[in-house]
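Working from the sequences, and respecting the hints, build out all of it.
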Amino acid sequence: MASTSADGSLAGYSSVEAILEKFVPEAERLEVLRVMHGYNQGVPLQPLPLEESVAAMAREMDFGLQGYKFTASKEQLRAPRVVRVGLIQNAVTHSTSAPFQDQILAIRNRVRSLMNAAGAAGVNVVCLQEAWTMPFAFCTREKQWCEFAESAESGESIKFCQEMARHWGMVVVSPILERDEKHGGTIWNTAVVIGNNGNVIGKHRKNHIPRVGDFNESTYYMEGNTGHPVFETAFGKIGINICYGRHHPLNWMGFGLNGAEIVFNPSATVGALSEPMWGVEARNAAIANTYFVAAINRVGTESFPNAFTSGDGKPAHKDFGHFYGSSYVAAPDASRTPALARHKDGLMIAEMDLNLCQQVKDKWGFQMTARYDMYRDLLTEYCKPGFEPQIIKDPSL
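Counting along the sequence shown from 1, when you hit position 190 you're at 203 in the working numbering, and nothing is skipped either side.
Errors might be hidden in some of the hints.
Think about it this way: if two alpha-carbon atoms lie no more than 20 Å apart in a straight line, the pair counts; the simulated SDA-like pairs of lysine to any residue are [as the list claims (entries may be wrong)]: (1) 82 x 292; (2) 82 x 60; (3) 331 x 347; (4) 250 x 372.
Label pairs and their in silico Cβ distance ranges [unchecked claim]: (5) 330 x 409: 29 to 39 Å; (6) 388 x 118: 41 to 51 Å; (7) 125 x 330: 26 to 36 Å; (8) 232 x 388: 30 to 40 Å; (9) 113 x 176: 30 to 40 Å; (10) 66 x 108: 25 to 35 Å.
Honestly, the hints are just simulated from the structure, not real lab data.
We put the beta carbon where it would ideally sit given N, CA and C, even for glycine.
The following block contains the structure:
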């Protein structure tokens with residue numbers, strides 16, 4: 014049997030968890046999930062009850078809906094800091110051959126429906142997928158796709174997200190293709206953070222740009238120049254590690270050193286390249302840096318009008334491969350939610366007590382026991398042209 018089906022499902026199932034539920038007896042399955050997903054406060058992660066009206070929206074508009082609740086220990090001196098986060102994954106709605114304005118409006122209308130469901134469910138912070146306003150056309154190297162770029166301060170998608178933020182009183186993380194008019198019209202891969210009052214708090218540009226497979230993104234934009242900013246919002250301190258940055262442990266660490274409590278990882282990645290890594294990296298980052306991580310991946314297969322190659326020996330082709338969705342949330346205590354479907358639009362809602370971050374820091378002491386001065390010295394030497402690796406050779410060789 015093929016590992017994936019033509020519809021993008023996993024051998025006919027929506028997720029790994031769905032396969033386990035179908036074929037593994039309950040007692041054994043719960044033990045497997047204990048290892049795969051961890052325990053939150055000593056028990057399996059609990060589902061989050063959602064209003065029937067929200068479930069009805071999901072049925073009517075045909076998107077997956079899941080909700081889970083991360084708890085923390087009750088403290089004597091601090092009140093709980095409960096935040097509800099939403100992750101939206103979606104496929105493009107039109108052919109990539111359709112007029113660009115039609116594509117833009119159709120995607121926006123689809124995302125509006127999902128954002129309204131998030132708002133109705135009481136979400137405080139919602140994050141969209143990488144470059145959500147467009148097909149992920151960077152495989153093609155064709156420059157007409159630059160037309161989708163817009164201002165990070167006043168672009169049409171930013172105005173739309175401001176409208177949604179004001180309406181629902183929620184923070185919106187909007188990853189776009191940015192056109193920086195003040196610097197020669199340069200293009201960046203950027204996430205804009207919009208406050209719950211509809212104000213633009215700031216932006217972060219993607220730190221690491223892939224040069225692997227069909228990810229020909231450096232044809233359009235280069236590495237970002239905004240560092241590792243953490244945005245203090247009404248609902249906690251958040252960072253955004255855009256897509257390929259999840260493969261770089263020090264990139265995750267940068268947001269942690271700046272005080273992030275939740276780091277969003279809006280992505281666009283395909284099954285043939287990265288799927289075995291997907292369930293590991295966000296969870297590992299949450300553990301190592303003692304914050305929550307929300308990993309969002311787009312879904313569907315996007316075919317482009319003209320065939321392209323990427324210098325990897327593969328014949329010319331018209332699609333990137335299947336974007337496998339599977340968005341999830343991971344906590345600093347090694348627990349995580351199941352994943353959204355591999356082949357369907359979806360909304361993941363996670364309620365979390367941010368007090369868990371400090372509680373896990375106090376328990377494990379990763380930051381206390383880190384050797385930042387030693388790492389600093391090693392990296393300082395490594396960045397010098399005359400660096401010599403610290404290798405102690407067996408004298409008998």
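Okay, the hints, checked on the actual structure:
1. 82 x 292: Roughly 19 Å between the alpha carbons, so the hint for residue 82 and residue 292 holds.
2. 82 x 60: The hint holds at about 6 Å.
3. 331 x 347: It is violated: about 39 Å lies between the C-alpha atoms, which goes past 20 Å.
4. 250 x 372: holds (16 Å)
5. 330 x 409: 29 to 39 Å: Hint violated: Cβ distance 52 Å, outside 29 to 39 Å.
6. 388 x 118: 41 to 51 Å: The hinted range 41 to 51 Å holds for residue 388 and residue 118, with Cβ atoms some 48 Å apart.
7. 125 x 330: 26 to 36 Å: holds (32 Å)
8. 232 x 388: 30 to 40 Å: holds (34 Å)
9. 113 x 176: 30 to 40 Å: Given about 21 Å between the Cβ atoms, the range is violated.
10. 66 x 108: 25 to 35 Å: This hint holds: roughly 33 Å between Cβ atoms.
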